[in-house]
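For the protein sequence lines, the chains are A and W, in the order given.
Mapped onto our numbering, the consecutive letters of the first sequence carry residue numbers 706 to 904.
Mapped onto our numbering, the consecutive letters of the second sequence carry residue numbers 706 to 904.
Just so you know, nobody snuck in bad clues.
Identical copies look the same in the list; a pair holds intra-copy or inter-copy alike.
With a straight-line cut-off of 20 Å between C-alpha atoms, the simulated EDC-like cross-links for lysine to aspartate or glutamate are:
no.	residue 1	residue 2
1	K876	E855
2	K734	E760
3	K876	E726
4	K834	E855
It is worth saying that the hints were derived from the structure and are not from the lab.
Read off the chains here:
Protein chains: 2
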Amino acid sequence: MTEVHTGASMSLDGFIAGPGETGFEHLFKWYGSGDVEVPTAHPEQTFRMSADSAEHIRALIDRTGALIVGRRLFDMTNAWGGEHPMGLPVVVVTHEIPDGWPREGSPFTFVTDGIESAVERAKALAGDKVVGANGGTIARQCLDAGLLNEIWVDLVPVLLGGGTPFFEQIKNAPAVLEGPLSVVQGIDVTHLRFRVRRP
Amino acid sequence: MTEVHTGASMSLDGFIAGPGETGFEHLFKWYGSGDVEVPTAHPEQTFRMSADSAEHIRALIDRTGALIVGRRLFDMTNAWGGEHPMGLPVVVVTHEIPDGWPREGSPFTFVTDGIESAVERAKALAGDKVVGANGGTIARQCLDAGLLNEIWVDLVPVLLGGGTPFFEQIKNAPAVLEGPLSVVQGIDVTHLRFRVRRP
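Looking at chain A on its own, in the form it has when it is part of the complex (with noise of 0.2 Å):
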């Protein structure tokens, strides 16, 4: 079966994002903290990372097939140009379709009907990969309608004291986690793995 996975770099303190998205120049800093170097889909972004990180993050993006974002990152980053840097179909949540969407050949689809839709959606496009599901509200969605299988935590030596948390208002805490399953020490940032324990 299809797996739901989600990843994000998170502060010690629990933020993927600080006060008022503030932080990013310390939560990824590890993307450029080596000089392994790691393509993504676009041509003027390369990102230098230690070794341990960027075969990590390869793995990462190797075992992937599609990914699921909120609205909210979509305009944020202006549908990241046309494409995600990941280079994968992009399942965005939405209440709304925006305007001028969908187009023709472009990798976003739009679901308007709840998660359940999406990760129905996303597990389809990704085919015998994993879908990646965004840190924060799409990713709280999946844990909370039971669709979550593993958290992939980039653990970073900083408190940002606020902000946007990893996990914000589950449904039914405790979420009891099996893991690390494994443990990856980069430089700026250690990888950790979990697994989302069954009811």
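Take the given structure of chain A and dock chain W to it, following the hints.
Quick look at chain W alone, frame taken from chain A:
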């Protein structure tokens, strides 16, 4: 110079207690997840944890010379029945000295003039060892005052969804850390040690 370290069991989403003082069966599960005995100052209370966690916690106990806790924990635990499980002198930060205290021959000292005074007092008691500051309010006050050197996180694979953060409302966010200096994998816990970067 005597250092100040803080440590606590923390959920993956950053809480040292769940909503309404719940979740401790998850946060402290690792204290009973193995068969290596770690005795406490209370003869009737012995932990049985994994060998790796036991080695980690014994080293932590060995290096600690005095503790700082808040009045709330002192009250909640009823002064730990008269002695802290670690068998160490304890400085209690409080607005008013509680009725019936201090007591002759007791390990508890009360400081009513703030965190800096409490740290000074604890350092004198710690001798050539480190001061252990309790997670939550006390750790945050030490961090805000620039008096905190290390953060030891016992990371527990659970999402509590709310409660008491390890670091709440820190003043000078973001606080950049170094590390983890060490990663020790126990059963039901990952021990991570971070250093606070001096401004």
